Amino acid sequence: MSASGVALEHGHDHEHAHGAHGHHELSFVKKYVFSTDHKMIGMQFLFTTLLMLMVGGALALGVRWQLAFPWTAMPFFGPMFAEAGGQISPEFYTMLFTMHATVMIFLVIIPVLAGAFGNFLIPLMIGADDMAFPVLNMLSYWFMIPAIACFGLSFYFGGAAAGWTSYPLLSDIRAAAPSSGSAQTYWLLGVTLVGVSSMMGSVNYMTTIINMRAPGMTLFRMPLTIWGMLITAILQAFALPVLTAAGFMLVFDRLDFGGWLEGIHTVFFIPSGLVVNNADPTVGGGQPLLWQHLFWFYSHPAVYIMLLPAMGMVSDMLACMCRKPVFGYKPMVFSMSAIAGLGFIVWGHHMFTSGMNPALGMTFMLSTIMIALPSAVKVFNWIGTIWGGRLQFNTVTLNCAAFISMFIVGGLSGLFMAAVPVDIYFHDTYMIVAHFHYIVFGTTLFGVFGAIQFWYPKMFGRKMDETLGQWHFFLTFVGFNGAFFPMHMLGIAGFPRRYADPYIHPYLEHLMPLNQFITVSAIIMGVAQFFLLYNFGTSWFRGEKVGRNPWGANGLEWFAPSPPGHGNFDVPPVCYRGPYEYSNPNHPDEDHWMQTDPPKGKKKPEGDAGAGHH
Amino acid sequence: MSVRWQSLIVGLACALAGCGGDASQMRFVENSTLAKPVHRKARAVVKTTLEEHFGTPLSSVAWLKLPVKYGRAEGKITAIEEQTLTVEFNAETADLTGFDAAEFAGTELLLISGANQGKSISLTSFNGTTKTFEMSSSEITPVVGDLFVTGGNVLRHGRKLYARHCQHCHGVSGDGDGPTAKYLNPRPRDYRQGKFKFTSTAGPAGKATRDDLRRIVAQGIPGTYMPAFVPMLKDGELAAIIEYVRWLAMRGEVEWQLLGQFKDEYASDRAKKEAKESGGKESEIEKQIDTQLKEFVKSGLSALVDEVAGDLTDKWTAAEEEGAAIIPEVARVADSPESRKRGKDLFYGKVANCVNCHGLAAKGNGAQTEDVAKNLRTGELYPTPGLFDDWDQPVKPRDLTRGIYRGGRRPIDIYRRITQGIKGTPMPGAPKTIKSDEIWDLVNYVLSIPFESPAPKAAPAHSIAGQSGEKGHAN
Amino acid sequence: MRKFWCGFFIFWPIAAVIYSAVSPQFNWWFPGPSVTELGQRIDNLFYLILIIVTAVFVGTQVALGYVLWRASHSQEERSWFTHGSHSLEVIWSVVPSVILLFLALYQMDVWALFRVQSFFPKEALNAPVAEVTARQFEWRIRYPGLDEHGKPKKLQLKPQPDDLYTVNDLHVPIGRPVMINLRSDDVQHSFFLPHLRVKQDAVPGQIIPIWFEPKKQGNFDLTCAELCGWGHYKMRAQLIAEREVEFQAYLQKLRADQNYDGHATPSAVAKKDE
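Chains A, B and C, in that order, give the protein sequences.
Heads up: the first sequence runs through residues 8 to 621, numbered per the numbering used here.
Heads up: the second sequence runs through residues 127 to 601, numbered per the numbering used here.
Heads up: the third sequence runs through residues 26 to 299, numbered per the numbering used here.
Derived from the structure by calculation, the hints contain no laboratory data.
Hints should not be assumed to be uniformly reliable.
As the list claims (entries may be wrong) - Under 10 angstroms between C-beta atoms, here's a sample of chain A residues computed to sit facing chain C:
hint, residue
1, Ser374
2, Met377
3, Ile390
What the hints assert, rightly or not - A short, non-exhaustive set of chain B residues, derived as facing chain A with CB atoms under 10 angstroms:
hint, residue
4, Ser185
5, Ser186
6, Ala188
7, Lys191
8, Ser251
9, Ala289
10, Gln293
11, Lys308
12, Tyr309
13, Pro312
14, Thr350
15, Pro357
16, Leu359
As the list claims (entries may be wrong) - Calculated lysine to aspartate or glutamate pairs in the DMTMM-like style (CA-CA distance at most 25 angstroms, straight line):
hint, chain 1, residue 1, chain 2, residue 2
17, C, Lys179, B, Glu410
18, C, Lys278, B, Asp461
19, C, Lys28, C, Glu102
20, B, Lys467, C, Asp188
21, B, Lys561, C, Asp286
22, B, Lys489, C, Asp246
These figures come from a predicted structure and were not determined experimentally.
Beta carbons: idealized from backbone N, C-alpha and C, even for Gly.
Pulled out of the complex, with its shape left as it was, chain A reads as follows (with noise of 0.2 angstroms):
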């Protein structure tokens, strides 16, 4: 980076902040609701994504219950589900599980890494005052909310119910899946809203991250947080316009206003001549598996999105929590940035018994297969982390581990699939269930549930309760293997995906029992998520008070006051060194040397002297 351009930045912040001392009290609208600033931002997504979390777990406990105990009544839920009989019809349970994907992988998952984590943590880990554009910011969780109330829509006419990847013509000729009706439609807006909000926050980050850094943060300076957040906005912004473009599409085909308004019936996936529920014969020229293609252009990089900020995190924490610099950090940042241009050339994987070309599926197994290479990189890369330091079990540390440990399962079992002969056997069994919730549950919420625990002082000033995070972290991995393990047997035993009542086929009937344990062990799971939330909820009021840098961590975040002001540092920050400057022999008074010492014989960073030297 050059010298100019540093100290122009610099100069920037240090206006910025002086100045924002002087701003008068914002209006409680303006400061909480319609805020700009983007770590009240990143709040707002984290309570609107737990409060989803526990929606899209409710959802999936109604799907348990049916595999479980088929054609039974529910508890607590069951007078909701109910309709005749109190059982779970499958056009409801169809429903259920389409809302719980829905629910956890576009309002859970992909929001609270960008949206939550990604506004918090970019500006302060790389000396901001805010982002970019703190309007387009602010803009990028208000329209979560309509895409929310799009996907509430779609629960009250009934609930898409194609399954999150909504293949047609089940998605597309309403007469095929009439209990979606317009509940369908309103799905498709909704992910169009939510792709529209990551765009806005992609736009935003990469900008950010590209234009905003305080003097000193070269690059290769930067955690791999940020190196993780700037890989998945680059992944968002070429992947997602596919989607939006295919949603759109896919509304096209659909939308029926009835009345002379009709509709606009065009005919992109919907081939000729199908007659379904007796309803007229499509007239067409369309391919479904146009869809398909379109669908996992976007989806499969969309996996990465949901994956690569957590690993960034997880990076950063194990260091600060083993006292030691991450194992490799330029390998690191070169196998993410591999996995995101990979993940653009596998997403056949996903189709392998589709009817797409033979020819396709032998590319897509070998990109597909290598794909793991850069993945094991990083598992290596983070034993190696560990190896030789000096750690503390505590509730961070112990989410980390089991980050990397299910990582480790998520990452090889997808070996099954990745092999396309096996995955003839596997595709749409519970082998792939398995498979990715212990990539997006077992590594990417373990992840976030150690970087609540995290951060968490520096969003409240207040550290979060050992204990009950510890039994939390208990509870949960207990749940969560209990769960998804079996499942991996499941799978080999050719247990399909999206059954109401899988027993009815001879081959499956002894597995009931297995599933019943998966049941319980799913709400031992659930139960435990309510540890996080009262934790969370009551540290605010009663959790330790804190200083500004309570791990003894290195980032710049660390610099700033906890709770950070508006502005965020009261003092420009100025990076000298690399964010993993843990136990260095050179700075034997501490064993962090935070990224804002200035090196011995300067002064701290009071005035521009030494901006941009280093």
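With chain A's structure known, arrange chains B and C on it following the hints.
Just chains B and C, lined up with the frame of chain A:
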């Protein structure tokens, strides 16, 4: 070890299910279209009567008057060996044919003679070929020669299967209005008039035989959402479901008849009307109705119920009798161009007049489908043009070019559709003047329609997908 | 506490491995060995990957447990100060990539046999036994009609007057590769034969050929593996693999049943239906 471990899990799960299983939500729904014009007190009488004779979904009553095989068995113990009882069934009171031995697992054997008269023994299994029961150990020791009653599990078994496989479409009461039903076209069958569309028996009152029902449940109805349940259900399960459906249909029919009886005398607006005419007080007339109804319940109700039950017993029994199924007088006329030509003439002719509904191109869009039809039950015109069935649902004549035949594609099936019509729909039986061989001509013609040239667009052009993969979308 | 947590992270992988090892005894495993040769090759590939994956799983989890134990019991005053090791990075990039590349290339021929038409056995490719049409929510099966010698004719793409129909009941002969044409009437479905390790989506507007060669007689499950609506789970059917003679006899019986007019002697099954 494995078994013990699994049962532990099941035990825990059952405990959970126990606290959640809210069975009270399961109830029979009143036939609302029919009940609306009936006075609420009369409706209450119908409800109590039904509950007395049929019970509730979860504790159903086996009304022995009805021709339903409840799986009941009476007989005599002929040998006892440790836990094994060998028995001899009393032929008249045993209706076990077609059911699984599993029907008897968990039932009780009630002793009706000897020292232990009135006491029961729980059974663990039944072997149909050796006619032996395995009983669980109990304090009661039966003696050879004791008479017993057992079984009756068929309804319970049928209900369980019905709840799992049928209920979400056909509804708890068989009203064709389960939660899934509103999304289906055509709607699932409402059994409560005792009408089934595709039967082998004659006449508009001809009930479905067990074999008719079995054929539909086993093979499904092509072109609708009624799926084929074989191989999903085994023979005994099919039999149990069919008995339960027959029982539901009879229950619905009893309700239907009783409400029909009350409709005129105890109309819901009777008090209002009479008050208007005579100038009396509404409340007094209400009281009068109450007394009158109480009187009737005491004096005439049981006779009425018996009459209704007797009537439908006769009909359902008649359907099962030898010779009830339509067998053509002559064997199928050979399928030749001449035969088809004769059939075609009939199709377009004035006597059979198939073209009137099925249309010039046999696409199910004949002139009749454009007219406004009259509701035969209420005498009013339907709000929209087109044909309606007895359940007031719009129906379309079959598009014969598609080669999909809901009642079955065998010549005999088509023959029966043509001679007897489709029950509950505007499809009439052929006039008696058309002879058996002419019907066969018509059958031959109908079966040839999808292949007539110029070939109708029956199936979309498909391309073989292969190495070239996705090139092939339709047309 | 640190002993507990170290034990915790060591205990769970051990539990997972033990659980996986005993699973086959509880039948939480493949529904029996594959009844096709190609399926057995798929199983072999599965076991190959399973061995590699187990080794890596055990290795990495043990390493994780070890470094956790070491780091939490560290007697040293400070952590090691290292930013990584270039040679280690090279080793753990190159070794896995060689293994992965081998894995990828090793799978190719099984896939080609399964799906690429030029690799299909010629006899199967030229004479498909049946057309299987998936629709909500059942499998409708169309066999070609029989010629004057009682032998099946060639299956035409369009329905013929003498075609034979069944539902949810697919009969195929054993001892020779058979091919079926897969179609869909409405939405996407997936033709899944778990015992044969065969799965192929049915795509509306396409006819997709699938071949398999059952090695033994039996009644196998046929299910749908692609979400096709509320009744997805109801699409249970059976594949009956039988000897060539039995298969021919079955087709003849089917023809007799389908032509039943109330007079001709129906076969045993038709009698039962009446």
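Numbered hints the structure breaks, given as an ascending list: The structure conflicts with hints 4, 5, 6, 7, 8, 17, 22, although it agrees with all the remaining ones.
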